[in-house]
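Working from the sequences, and respecting the hints, build out all of it.
For the record, the sequence lines run as chains U, C and P. First residue of the first sequence? That's 1 in the UniProt record's numbering, and the numbers climb one at a time after it. First residue of the second sequence? That's 1 in the UniProt record's numbering, and the numbers climb one at a time after it. First residue of the third sequence? That's 1 in the UniProt record's numbering, and the numbers climb one at a time after it.
To be clear, the hints were calculated from the coordinates, so they are not data collected in a lab. One should not assume that every hint holds.
[Unchecked claim] Keeping only pairs whose Cα atoms sit at most 20 Å apart, straight-line, the calculated EDC-like set for lysine to aspartate or glutamate is:
| no. | chain 1 | residue 1 | chain 2 | residue 2 |
| --- | --- | --- | --- | --- |
| 1 | C | Lys222 | C | Asp178 |
| 2 | P | Lys193 | U | Glu153 |
| 3 | U | Lys116 | P | Glu153 |
| 4 | P | Lys93 | P | Glu125 |
| 5 | C | Lys56 | C | Asp28 |
| 6 | C | Lys193 | U | Glu233 |
| 7 | U | Lys65 | U | Glu96 |
| 8 | U | Lys152 | P | Glu153 |
| 9 | P | Lys305 | P | Glu262 |
| 10 | U | Lys132 | U | Asp163 |
| 11 | C | Lys152 | U | Glu153 |
| 12 | P | Lys193 | C | Glu233 |
| 13 | P | Lys193 | U | Glu191 |
| 14 | U | Lys263 | C | Asp178 |
| 15 | U | Lys14 | U | Glu171 |
| 16 | U | Lys193 | P | Asp225 |
| 17 | C | Lys14 | C | Asp49 |
| 18 | C | Lys193 | P | Glu233 |
| 19 | C | Lys152 | P | Glu114 |
| 20 | P | Lys263 | P | Asp225 |
| 21 | P | Lys222 | P | Glu251 |
| 22 | P | Lys193 | C | Glu191 |
| 23 | U | Lys92 | U | Glu153 |
| 24 | P | Lys76 | P | Glu114 |
| 25 | C | Lys76 | C | Glu251 |
| 26 | U | Lys152 | C | Glu153 |
| 27 | P | Lys263 | U | Asp178 |
Here the structure is a predicted model, which means the values were calculated and not measured.
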Amino acid sequence: MRLITYGNENATKKYTPRRAMMYVPGNDWKKINKISSMGADSFILDCEDGVALNRKDEARSNIQKIFQEKMFSVLKSELSVRINSIESGLCKKDLETILKGPIFPSTLHLPKMETKVQLDWLAQELESLLGKNHNIKLIVFVESARALLDMKELIQHCFTLMDQGAPFNLEAAVFGSDDFCADIGATRTPEAKELIYSRQHFVTCAKAYRLQAIDLVYINFKDMDGLLRQSVEGAQMGFTGKQVIHPSQIEIVQQAFSPSKEKIQWARELVQSFDQHQQSGKGAFTFHGNMIDMPLLLQARNILKMADRLDQN
Amino acid sequence: MRLITYGNENATKKYTPRRAMMYVPGNDWKKINKISSMGADSFILDCEDGVALNRKDEARSNIQKIFQEKMFSVLKSELSVRINSIESGLCKKDLETILKGPIFPSTLHLPKMETKVQLDWLAQELESLLGKNHNIKLIVFVESARALLDMKELIQHCFTLMDQGAPFNLEAAVFGSDDFCADIGATRTPEAKELIYSRQHFVTCAKAYRLQAIDLVYINFKDMDGLLRQSVEGAQMGFTGKQVIHPSQIEIVQQAFSPSKEKIQWARELVQSFDQHQQSGKGAFTFHGNMIDMPLLLQARNILKMADRLDQN
Amino acid sequence: MRLITYGNENATKKYTPRRAMMYVPGNDWKKINKISSMGADSFILDCEDGVALNRKDEARSNIQKIFQEKMFSVLKSELSVRINSIESGLCKKDLETILKGPIFPSTLHLPKMETKVQLDWLAQELESLLGKNHNIKLIVFVESARALLDMKELIQHCFTLMDQGAPFNLEAAVFGSDDFCADIGATRTPEAKELIYSRQHFVTCAKAYRLQAIDLVYINFKDMDGLLRQSVEGAQMGFTGKQVIHPSQIEIVQQAFSPSKEKIQWARELVQSFDQHQQSGKGAFTFHGNMIDMPLLLQARNILKMADRLDQN
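Written as structure tokens, this is what we have:
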């Protein structure tokens, strides 16, 4: 049996589906109030690109209030926060406001990850604000040529910090295609041929560490055929979800990133077979005559968790 | 003259064409007995994925017997063995059975190469079984996100071990696309757009070390047009061969990966010109006014060796 | 404000457009005499592949003479020199002849960059010929599997040498696709699908270090539609220019790599806004509500410099 464990992947930890991820500016109550009526898997209250510089304070205190007052306590979707990039100099204040507690978001999005030093800083900042016992979920953004080239080393460094007790748990990586294109001087086209290398290198790095991989935004939100085509393509490449910028994109994206009935059936049988094998306790684990490794078992479990989650909605 | 030598490439060593590589389960006599009537360049007696867990012992002893009894001694094709992955825990017994001699295969296929530690283990195991004087041909499989990302370092480590006397000679790398797709959660499509990055990164790593690069399996073995299209595409990308899963695929694949008459003519003239230059012994070597480097000369020789080999059949 | 500086990028240094780069053999006066009548952004007097081995001396002394006699002193285009690769053994004599001064080219092209040791050698050679005070512009070629895999480290090493006082300034990287294809055994096709990975990895490495990225040659110089298609595609991928092999290719290529009116307008407003902000001297710099980082400002300035340069012609 092949048993590879990179980082602290844990077959029993809760799986959070993030097929459709939607950003909502933290200072825009009109949009915030619509969250309850939309069905994205994950909403991100934004302090970063969606918020003008002179509205940052407002966004921070809104977000803090939203969590303290449990405004979305019955929401089935994940509700998280995107802080400003560490190099912006705005991030420290974001963290201090949003995490002053006692209630705070379970997931943070870190845009524009670039260097190990940034990650060290984040680990220290979170430890001083939360203490070592917390374990906030972390989602990192790759948005530049440099970050893409260094992606393996940067993710590896996150896991090294986690092994050393950093109070976060890296769960996903997001491909920030617009900033990436600006950074390399590329022009977005509908077919996105200019992004084949970057998207596929991104997926390979994310999956090597068993992270969720979130694909680029489809900018033309009136073109549903194009959105469907790009969503299906992303799922075929190995992405697990996609950023959306308009409510009308949510359903198409979620459909494209949902496991098929056949895949759910395969996963159910594999997990049942593994559980029986665990009880009998002998030798390597095989399924339909093939040996099954831990990553594949984890993948099967994630499919079932996502299927369960979809049933609940 | 540009003279780059990575690893121990040797312009005079024998070239083994591996345009079409076919796996035959080591426990399936019906298929084994057909080997003589098929014309693949390379047959691999399989202990790994093609053999169920409770048939491993049978496969091992069959394979050992096949070599001891010289059952395929007149076969023009290469006959080699795929052992189980090192992390499976089954590999040691494979090696002990198959290499107990006095006659054993000249080529081993190592699936699911993942770490340097695995390669260290293999080098030690082979040395303890064969001694330092043997030099078994080694073919490694890249089948996961991690292995693809680390491919350059892993191949480099093979050459480091070879420099230190490890009793193998790395000749080729195989892209294990099905396990790779499962590993990153990708879905195979007929056009294989989802694999452009992985196939081309794979070829680049293999060729940087002057290894043969073996392309993915074309799964739908009834679709000959699709097989031809993908084979030609693979050859254009720089692959030197392709895995086949059905006898009907062999001829199409071999055609696609054979050098053209023009290329053979070019290679013949280049090698002749080099030999003349060696005798006259002056200055840098040029051909049609261009300087020729060692890798290109090696490539020309390999084309001629493959052409010679094809003439013999 | 995000402020990333890789290497010694300098927002105020002069920008040299290199949309169309054309090689002219240093021993071919017929072609050299046509330079004045052609409008490529950059002409390269070639000592390397365009010159047969027994004509190298002639090319060197021609080139030296061209600069000493200021033969092209009124030329608006850049006039530079491609030396032979370091591993050819011919490079030292190239440098000694061409740089013996007092007037010499402002830009050198280094083909077949492969190793850090080569770059160390070049830095020392230039220092001994020019002294530390000179700062010749350097353009490097990536032309092999190995160089592509090591591209990030090799460029990083250039910047390390520059930080240590090496008398060159790395400005651009050129993708030498023909040698690259020969090196990996690939076959060029009109659509160039076989080069998607290599071109896009190349662009990402170049842009991570804010270098100009020069795309492959379009070989069939009679196919203007194909040239236009590939030029536009290259610009979309992030390339800033393209090698040309025939005068008829120049205009199409320059059109494809020129900034659009919209982009020039955007750049002009951004730079104006930044200059005003510098005078008022407060806080982070925003434009249309978004924070602007240094690379983006540099990109805007380069667009304006290119636009100015185009106006002059």
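(message) Check whether the Cα positions of lysine 93 of chain P and glutamate 125 of chain P lie no farther apart than 20 Å.
(response) holds (11 Å)
(message) Run the distance test for lysine 116 of chain U versus glutamate 153 of chain P: straight-line Cα separation, threshold 20 Å.
(response) Given pair lysine 116 of chain U, glutamate 153 of chain P holds - Cα atoms ~17 Å apart, limit 20 Å.
(request) Below or equal to 20 Å on CA atoms is what counts here, so check lysine 152 of chain C against glutamate 153 of chain U. (result) holds (15 Å)
(message) Check the hint pairing lysine 193 of chain P with glutamate 153 of chain U against an upper bound of 20 Å on the C-alpha distance.
(response) violated (29 Å)
(request) For the pair supplied as a hint, lysine 76 of chain C and glutamate 251 of chain C, confirm whether the alpha-carbon distance does not exceed 20 Å. (result) At roughly 15 Å apart (the allowed maximum being 20 Å), glutamate 251 of chain C and lysine 76 of chain C satisfy the hint.
(request) Sort out whether aspartate 225 of chain P lies within 20 Å of lysine 193 of chain U, counting only the CA atoms. (result) Holds: lysine 193 of chain U and aspartate 225 of chain P sit about 19 Å apart, inside 20 Å.
(message) Run the distance test for lysine 193 of chain P versus glutamate 191 of chain U: straight-line Cα separation, threshold 20 Å.
(response) holds (14 Å)
(request) Quickly compare the C-alpha distance for lysine 14 of chain U and glutamate 171 of chain U to 20 Å and report which way the hint goes. (result) holds (11 Å)
(request) With a cut-off of 20 Å on the C-alpha distance, tell me whether lysine 14 of chain C and aspartate 49 of chain C pass. (result) violated (30 Å)
(message) Checking one constraint from the list: CA of lysine 152 of chain U to CA of glutamate 153 of chain C, max 20 Å. Satisfied?
(response) Cα-Cα ~14 Å, so holds.
(request) Take a quick look at whether lysine 193 of chain C and glutamate 233 of chain P sit within 20 Å of each other, Cα to Cα. (result) Given pair lysine 193 of chain C, glutamate 233 of chain P holds - Cα atoms ~18 Å apart, limit 20 Å.
(message) Run the distance test for lysine 222 of chain C versus aspartate 178 of chain C: straight-line Cα separation, threshold 20 Å.
(response) holds (18 Å)
In terms of the numbered hints stated before, the structure departs from hints 2, 17, 20, 23, 24, listed from lowest to highest.
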